[in-house]
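Protein chains: 2
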Amino acid sequence: MDPRTGAAGGIGRYDAVLARIAFNADGLVPAIAQDEASGQILMMAWMNAEAVIETLETRRGVYWSRSRNRIWRKGESSGQMQQLKAFRIDCDGDTVLLLVDQQGVACHTGRRSCFYDEVNPETGAITTIMTPEIDPETLYGR
Amino acid sequence: MDPRTGAAGGIGRYDAVLARIAFNADGLVPAIAQDEASGQILMMAWMNAEAVIETLETRRGVYWSRSRNRIWRKGESSGQMQQLKAFRIDCDGDTVLLLVDQQGVACHTGRRSCFYDEVNPETGAITTIMTPEIDPETLYGR
Numbered sequence: 001m002d003p004r005t006g007a008a009g010g011i012g013r014y015d016a017v018l019a020r021i022a023f024n025a026d027g028l029v030p031a032i033a034q035d036e037a038s039g040q041i042l043m044m045a046w047m048n049a050e051a052v053i054e055t056l057e058t059r060r061g062v063y064w065s066r067s068r069n070r071i072w073r074k075g076e077s078s079g080q081m082q083q084l085k086a087f088r089i090d091c092d093g094d095t096v097l098l099l100v101d102q103q104g105v106a107c108h109t110g111r112r113s114c115f116y117d118e119v120n121p122e123t124g125a126i127t128t129i130m131t132p133e134i135d136p137e138t139l140y141g142r
Numbered sequence: 001m002d003p004r005t006g007a008a009g010g011i012g013r014y015d016a017v018l019a020r021i022a023f024n025a026d027g028l029v030p031a032i033a034q035d036e037a038s039g040q041i042l043m044m045a046w047m048n049a050e051a052v053i054e055t056l057e058t059r060r061g062v063y064w065s066r067s068r069n070r071i072w073r074k075g076e077s078s079g080q081m082q083q084l085k086a087f088r089i090d091c092d093g094d095t096v097l098l099l100v101d102q103q104g105v106a107c108h109t110g111r112r113s114c115f116y117d118e119v120n121p122e123t124g125a126i127t128t129i130m131t132p133e134i135d136p137e138t139l140y141g142r
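Residue numbers (this note's numbering), protein chains in the order written: chain U, 1 to 142; chain V, 1 to 142.
Do not rely on the hints blindly, as some may be mistaken.
Incomplete in silico selection of chain U near chain V, CB under 10 Å [what the hints assert, rightly or not]:
id : residue
1  : L56
2  : I89
3  : D135
4  : L139
Treat the hints as calculated values from the structure; they're not laboratory data.
Since the model is a prediction, treat every value here as computed from it, not as a measurement.
Beta carbons are placed, not taken as given, at the ideal position from N, Cα and C, and that holds for glycine.
Isolated chain U (complex conformation):
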């Protein structure tokens, strides 16, 4: 598949989508994943054009891993895949939003969401408000 044209499903099928997204200087755009059913925000990751196209074509959350510097098909190691329910772009095109059906947990710590630390504005204290649902060792088979 040509990642720029999405040729598997017709030449240039996603050209308007790629043109609508304001990728940054590194060719990336922040992508928020939200649980469609509960509204919970699960994680924030990054996408390049190839990840956008593969997400739309396969209806699964696919990102660009900045740490591993490669395409990251969410769940490829952990099994915790994301089925795409909706894909939205914000007003100025510099963020995308995925509504997903998250299998299991989104966070590599075994928590449902990555946003598990809450700040008390009064004191500045940080409290962990979510417990892991799965042992990360189970998730990654180590």
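Once you have looked at the hints, place chain V on chain U.
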């Protein structure tokens, strides 16, 4: 106020928070604003250390405007302020989440949320799924 120490409320009150956040090379972190009551994602913007501190101190959404290159107190022009209900940090500290009570609308287009354009994965067509609730000219007094 010293933006690094948040001295208005005690020296270093937010030091642990600032240390927990992985600001990027520009000293910024992406901040997602979510409506506390409905779960709707309203917008994504950026914060520097000063914006984080002022948000926590004043319990109002305060960001760093990359286009205007200055602190942006959400609602300062439009009146559409965000009252902070919770402030969370993700697992690797490179994104923050604000649960807010949004007055009026979050988007400068007059829509409740900035994420109003939806992509059809089958065709690649982009459809606007939200209508403005307020005329932007009313919001900005022009």
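Right, here's what the structure says about each hint:
1. The restraint placing U/L56 at the interface with chain V holds, with a minimum CB-CB distance near 4 Å, inside the 10 Å limit.
2. Among the interface hints, the one on U/I89 holds; its C-beta lies about 5 Å from the nearest C-beta in chain V, closer than the 10 Å criterion.
3. Hint status for U/D135: violated, given a least beta-carbon distance of 16 Å to chain V, over 10 Å.
4. At about 13 Å, the closest approach between the beta carbon of U/L139 and any beta carbon in chain V exceeds 10 Å, and the interface hint on this residue is violated.
Of the numbered hints listed earlier, those contradicted by the structure are 3, 4.
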